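Enquirer: Using numbering that gives the first Met the number 0, read the sequence shown as starting at 0 and increasing by one per residue.
If you are wondering where the hints come from, they were derived from the structure by calculation, not from laboratory data.
Source: prediction; values computed, not measured.
Errors might be hidden in some of the hints.
Derived CB-CB ranges, DEER-like [as the list claims (entries may be wrong)]: (1) Asp684 - Ser818: 44 to 50 Å; (2) Asp817 - Asn218: 44 to 50 Å; (3) Lys198 - Gly104: 30 to 36 Å; (4) Gly191 - Thr413: 34 to 40 Å; (5) Asn36 - Ala116: 20 to 26 Å; (6) Arg367 - Ser239: 44 to 50 Å.
Keeping only pairs whose Cα atoms sit at most 25 Å apart, straight-line, the calculated DMTMM-like set for lysine to aspartate or glutamate is [unchecked claim]: (7) Lys304 - Asp364; (8) Lys102 - Asp498; (9) Lys162 - Asp527; (10) Lys205 - Glu479; (11) Lys156 - Asp550; (12) Lys197 - Asp731; (13) Lys156 - Asp654; (14) Lys616 - Asp29; (15) Lys196 - Asp211; (16) Lys665 - Asp731; (17) Lys152 - Asp591; (18) Lys621 - Asp139; (19) Lys156 - Asp527; (20) Lys205 - Asp163; (21) Lys205 - Asp731; (22) Lys304 - Asp163; (23) Lys205 - Glu307; (24) Lys450 - Glu113; (25) Lys123 - Asp139; (26) Lys317 - Glu290; (27) Lys196 - Asp215; (28) Lys711 - Asp654; (29) Lys197 - Asp364; (30) Lys561 - Glu599; (31) Lys198 - Asp527.
Yeah, the Cβ is synthetic: ideal placement off N, Cα and C, and Gly gets one too.
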Amino acid sequence: MTENRPNDDRADNGYDFRRIEAHWTPIWDDLEPFSVNDPSDARPRKYVLDMFPYPSGDLHMGHAEVYALGDVVARYWRQQGFQVLHPIGWDSFGLPAENAAIKRGADPRIWTYENIAQQRASMKRYAASFDWTRVLHTSDPNFYRWNQWLFLKMYEKGLAYRKDSWVNWDPVDQTVLANEQVLPDGTSERSGAVVVKKKLTQWYFKITDYADRLLDDLNQLEGSWPAKVLTMQRNWIGRSTGADVDFVIEGHHSPVTVFTTRPDTLFGATFMVVAPDSDLAAELAAGSSPEVRMRFQDYLEQVQKKSEIDRQDATREKTGIPLDRWAINPVSGERIPVWTADYVLADYGHGAVMGVPAHDQRDLDFARRFALPVRVVVDTLAPVTGAIPVITPEMLESGDIPELDPSVTGEALTGDGRMINSGPLDGLSKSNAIRRAIELLEERGTGRAAKTYRLRDWLISRQRYWGTPIPIMYTEDGTEVPMGLDELPLLLPYEEGMDLKPKGTSPLGGLDGWVSTTTPDGRPARRDTDTMDTFVDSSWYFLRFLSPTDDTQAFDPREAEKWAPVDQYVGGIEHAILHLLYARFITKVLFDMGYVSFTEPFSALLNQGMVILDGAKMSKSKGNLVYFTEELDSFGVDAVRLTMAFAGPPEDDIDWRDVSVTGSQKFLARAWRLAGEVTAPVGVDFALGNVALRRVTHRFLAEVPPLVEAFKFNVAVARTMELVNAIRKAVDSGPGAGDPAVREAVEAVAIALSLFAPYTAEDMWARLGHGVAPAADGTGGRARSGSSLGSTLGSASRDDLVAFAGWRRPDPLLLVADSVTAVVQVDGKVRDRLEVSPHIGGAELEALARASEAVVRSIGDREIVKVIVRAPRVVNIATRG
0 MTENRPNDDR
10 ADNGYDFRRI
20 EAHWTPIWDD
30 LEPFSVNDPS
40 DARPRKYVLD
50 MFPYPSGDLH
60 MGHAEVYALG
70 DVVARYWRQQ
80 GFQVLHPIGW
90 DSFGLPAENA
100 AIKRGADPRI
110 WTYENIAQQR
120 ASMKRYAASF
130 DWTRVLHTSD
140 PNFYRWNQWL
150 FLKMYEKGLA
160 YRKDSWVNWD
170 PVDQTVLANE
180 QVLPDGTSER
190 SGAVVVKKKL
200 TQWYFKITDY
210 ADRLLDDLNQ
220 LEGSWPAKVL
230 TMQRNWIGRS
240 TGADVDFVIE
250 GHHSPVTVFT
260 TRPDTLFGAT
270 FMVVAPDSDL
280 AAELAAGSSP
290 EVRMRFQDYL
300 EQVQKKSEID
310 RQDATREKTG
320 IPLDRWAINP
330 VSGERIPVWT
340 ADYVLADYGH
350 GAVMGVPAHD
360 QRDLDFARRF
370 ALPVRVVVDT
380 LAPVTGAIPV
390 ITPEMLESGD
400 IPELDPSVTG
410 EALTGDGRMI
420 NSGPLDGLSK
430 SNAIRRAIEL
440 LEERGTGRAA
450 KTYRLRDWLI
460 SRQRYWGTPI
470 PIMYTEDGTE
480 VPMGLDELPL
490 LLPYEEGMDL
500 KPKGTSPLGG
510 LDGWVSTTTP
520 DGRPARRDTD
530 TMDTFVDSSW
540 YFLRFLSPTD
550 DTQAFDPREA
560 EKWAPVDQYV
570 GGIEHAILHL
580 LYARFITKVL
590 FDMGYVSFTE
600 PFSALLNQGM
610 VILDGAKMSK
620 SKGNLVYFTE
630 ELDSFGVDAV
640 RLTMAFAGPP
650 EDDIDWRDVS
660 VTGSQKFLAR
670 AWRLAGEVTA
680 PVGVDFALGN
690 VALRRVTHRF
700 LAEVPPLVEA
710 FKFNVAVART
720 MELVNAIRKA
730 VDSGPGAGDP
740 AVREAVEAVA
750 IALSLFAPYT
760 AEDMWARLGH
770 GVAPAADGTG
780 GRARSGSSLG
790 STLGSASRDD
800 LVAFAGWRRP
810 DPLLLVADSV
820 TAVVQVDGKV
830 RDRLEVSPHI
840 GGAELEALAR
850 ASEAVVRSIG
860 DREIVKVIVR
870 APRVVNIATR
880 G
């Protein structure tokens with residue numbers, strides 16, 4: 000940062016943010032004003048939640064933004080009369096703590112909880128209105144015990160299962176990654192290493208059983224979640240409809256199922272392709288000649304070095320080898336060759352595709368590379384509504400129109416048209432042909448209508464230490480034995496000198512005393528040594544906040560009925576797929592189990608942008624870090640918070656170089672000074688005040704709530720600044736500081752600033768004579784409120800605070816303008832502005848315009864040829880001569 004720091008403790012004329020912060024922090028600590036533990040509180044409820052942080056060092060500027068914006072929402076709803084649950088905790092399991100512990104040769108608990116203590120102190124200083132009675136840490140046994148409970152409940156329902164499969168392997172962190180944790184460039188989101196494939200036995204949650212609901216229920220969130228997030232989730236789930244088609248492969252023990260979205264093109268299938276890393280490919284190669292087996296093994300090793308992103312790149316040259324096996328086309332009976340190629344993925348569909356090169360570009364590129372047949376079965380030039388195709392099979396056979404032959408042009412025919420070369424499907428349109436093809440398959444028992452998804456089951460096993468132990472043991476014959484619910488928690492062990500270095504298997508495997516156990520019926524067994532993905536923790540933590548100290552259940556369903564789902568969730572768009580998708584899935588699972596009565600966890604979502612510097616993301620390596628605590632030390636909490644809100648729309652990035660924290664600080668000082676100048680007493684009848692200022696105040700009271708609810712925080716701050724300017728004018732040259740309207744306006748400013756700048760707002764409220772005494776202003780002056788400065792700390796309650804003052808309701812009568820400004824133009828140029836009644840008639844307005852001295856001078860001796868009046872706002876006078 001290059002912005003000049005203030006040279007002394009007082010930013011402006013007695014306003015000292017350090018003294019104000021020091022004064023109010025212990026008062027808030029003593030009152031715990033934001034806890035919601037009173038069962039007799041009858042106010043309506045709101046649940047506002049910010050995505051909880053990972054405890055890696057102190058808070059940073061990204062935290063400063065998300066917690067400032069989330070707090071605006073929480074504080075706003077309290078001012079609107081709601082009981083607001085706004086909790087905080089720490090997502091404290093995970094690789095950073097483990098890697099830090101390895102580097103230091105220490106227990107990861109030490110690093111984790113030291114960082115939590117540091118962040119907690121910074122958060123309390125930052126004055127976010129959290130309920131500090133409901134803090135949780137996911138690495139505490141009283142939290143992860145319920146991860147294990149959830150796992151066992153899902154295991155019982157068949158939603159947690161173990162299988163052998165090719166997985167994404169991070170060679171640096173030595174652990175598996177879910178598909179969602181692999182970046183588009185094929186690297187690990189955590190370590191940056193190029194992800195490779197490895198075959199392991201792993202635990203999965205069966206999220207694909209919920210694919211349709213996860214997709215369809217996004218419709219419930221339209222308008223309350225960002226459209227971009229909804230699109231990202233829809234694309235990730237990736238539902239496709241079509242047919243499962245059973246191909247017989249000669250010499251293979253069972254038919255091979257292929258999913259296709261275009262069963263109408265079955266007569267155009269001229270080859271089959273299987274994924275090289277699928278079990279099917281290995282089986283088919285094993286049944287071929289030794290030469291094929293050797294060639295296949297070499298090819299498989301090449302493919303395993305490529306990322307999935309690279310394999311799906313449509314622009315690269317396709318690779319593959321024939322397996323010397325033959326499949327039978329189930330509609331034509333034709334023998335077609337079976338190949339293996341890297342553009343087919345093992346975990347999409349069934350790991351095999353039918354090659355229809357005339358109508359699929361990837362298949363065409365592959366066919367042209369290896370000289371495989373190309374057969375057109377859709378006449379894309381035929382009118383869909385007509386009965387006679389434009390291009391006949393004879394024309395295609397003769398080659399009279401080679402420009403339409405994909406094998407010549409290299410361009411697949413992907414448009415709609417009418418079927419040709421397709422036996423019973425000839426002449427049908429695409430949609431009718433798809434329907435009829437499925438009927439034919441079902442009649443013959445060789446296929447059926449089907450859906451498939453891009454979404455894969457959630458891989459939750461991690462070969463690392465710092466996570467939730469999986470509550471499963473294995474007998475000597477490999478039988479899975481779940482722990483009893485009454486045995487939980489299965490504690491994560493730690494031994495002095497324990498080797499946590501990644502080695503491809505979990506460090507827990509080296510603790511023989513922990514691994515070796517017995518089943519409930521006394522048989523020798525070994526514990527599962529993997530730990531759970533930390534996204535399991537965050538998939539349901541919002542429910543644990545409802546009863547964080549309950550040691551009898553994960554959460555109290557009665558509390559869930561009262562508070563959940565979350566009314567407003569605030570956090571970064573980087574979690575648009577991973578965390579949000581998993582939380583939606585677990586919520587639906589808990590709904591099906593009868594634990595909650597809702598199916599979506601977060602009713603509304605606000606994504607904030609990043610805080611950047613000079614157009615780039617902040618990082619140590621770039622040397623462009625702005626340090627959170629340094630900004631607070633230099634400018635104060637309120638100035639930083641107000642700057643975050645005023646910088647622009649929440650979803651936009653904030654370039655810290657382009658904002659003025661000093662400007663925010665000076666504005667807060669101006670507002671604070673006004674509170675000390677008010678001389679009208681507490682409780683004065685505002686109706687006795689200056690009407691013009693009251694109109695400005697009540698327009699402000701009417702305009703700000705919809706702005707906040709639309710997340711236009713920057714505009715709400717601008718309106719507050721405008722009101723402060725109007726008050727300053729009224730005090731200096733208008734009715735003066737003793738006018739009741741001035742008190743009303745300053746109180747409105749204090750209540751509004753309680754959303755953005757809580758320390759300043761609270762001190763203003765006290766200086767105005769409400770509740771707790773204010774911080775001394777450093778000049779020896781006291782607030783001239785005309786009444787007692789209020790209660791002492793010993794007798795104060797949260798009702799004395801501006802945070803609970805309640806948003807003032809605007810008077811409808813004061814929102815009706817008693818005059819409007821009419822603009823008078825002569826020959827298109829503005830010559831005068833007239834203050835007139837909003838009910839003035841056109842003739843009267845024209846007469847006033849003609850009588851205006853400025854207008855008369857402008858017209859001179861020219862002739863008026865036309866007058867257009869739009870009462871009460873505009874008069875246009877046209878002249879000539």
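Enquirer: Evaluate each hint against the coordinates.
Expert: Okay, the hints, checked on the actual structure:
Taking the beta carbon of each, Asp684 and Ser818 are about 25 Å apart, not inside 44 to 50 Å as hinted. Against the hinted window of 44 to 50 Å, the Cβ-Cβ separation of Asp817 and Asn218 comes to about 47 Å, which satisfies the hint. Between Lys198 and Gly104 the C-beta distance comes to about 33 Å, which sits within the given range of 30 to 36 Å. Taking 34 to 40 Å as the suggested C-beta distance range, the pair Gly191 and Thr413 conforms, at roughly 37 Å.
A hinted range of 20 to 26 Å holds for the C-beta pair Asn36 and Ala116, which are about 24 Å apart. Taking 44 to 50 Å as the suggested C-beta distance range, the pair Arg367 and Ser239 does not conform, at roughly 25 Å. Between Lys304 and Asp364 the alpha-carbon distance is near 22 Å, which keeps this suggested pair within the 25 Å criterion. Between Lys102 and Asp498 the alpha-carbon distance is near 11 Å, which keeps this suggested pair within the 25 Å criterion.
The straight-line distance between the Cα atoms of Lys162 and Asp527 is roughly 14 Å, inside the 25 Å bound, and the hint therefore holds. About 18 Å separates the Cα atoms of Lys205 and Glu479, which keeps this hinted pair within 25 Å; it holds. Using a Cα cut-off of 25 Å, the hinted pair Lys156 and Asp550 holds, with the two alpha carbons roughly 23 Å apart. A C-alpha spacing of about 75 Å is found between Lys197 and Asp731, which places the hinted pair above 25 Å, so the restraint is violated.
Annotation: proposed proximity of Lys156 to Asp654 is violated, straight-line Cα distance about 49 Å (limit 25 Å). At most 25 Å may separate the alpha-carbon atoms for a hinted pair to count; Lys616 and Asp29 exceed this at roughly 39 Å. The straight-line distance between the Cα atoms of Lys196 and Asp211 is roughly 28 Å, outside the 25 Å bound, and the hint therefore fails. Between Lys665 and Asp731 the alpha-carbon distance is near 18 Å, which keeps this suggested pair within the 25 Å criterion.
Of the supplied pair hints, the one linking Lys152 and Asp591 holds, its CA atoms being roughly 11 Å apart against a limit of 25 Å. Distance restraint check for Lys621 and Asp139: the Cα-Cα separation of roughly 36 Å exceeds the 25 Å cut-off, and the hinted pair is therefore not satisfied. Taking the CA atoms of Lys156 and Asp527, the gap is about 20 Å. The hint holds against a cut of 25 Å. In summary, the hint linking Lys205 to Asp163 is supported, as the alpha carbons are separated by about 15 Å, within the 25 Å threshold.
As the CA atoms of Lys205 and Asp731 are separated by approximately 69 Å, the hinted pair breaks the 25 Å bound. For a cut-off of 25 Å, the pair hint linking Lys304 to Asp163 stands: about 20 Å separates their Cα positions. Taken as a hint, the Lys205 and Glu307 pair is honoured in the structure, with Cα atoms around 22 Å apart against an allowance of 25 Å. Annotation: proposed proximity of Lys450 to Glu113 is violated, straight-line Cα distance about 49 Å (limit 25 Å).
The straight-line distance between the Cα atoms of Lys123 and Asp139 is roughly 21 Å, inside the 25 Å bound, and the hint therefore holds. Taken as a hint, the Lys317 and Glu290 pair is honoured in the structure, with Cα atoms around 22 Å apart against an allowance of 25 Å. As the CA atoms of Lys196 and Asp215 are separated by approximately 32 Å, the hinted pair breaks the 25 Å bound. Distance restraint check for Lys711 and Asp654: the Cα-Cα separation of roughly 18 Å lies within the 25 Å cut-off, and the hinted pair is therefore satisfied.
The straight-line distance between the Cα atoms of Lys197 and Asp364 is roughly 28 Å, outside the 25 Å bound, and the hint therefore fails. At roughly 15 Å between alpha-carbon atoms, Lys561 and Glu599 fall within 25 Å of each other, so this suggested pair holds. With a C-alpha separation of about 17 Å, the suggested pairing of Lys198 with Asp527 holds against the 25 Å cut-off.
In the structure shown, a violation is registered for the earlier hints numbered 1, 6, 12, 13, 14, 15, 18, 21, 24, 27, 29, in ascending order.
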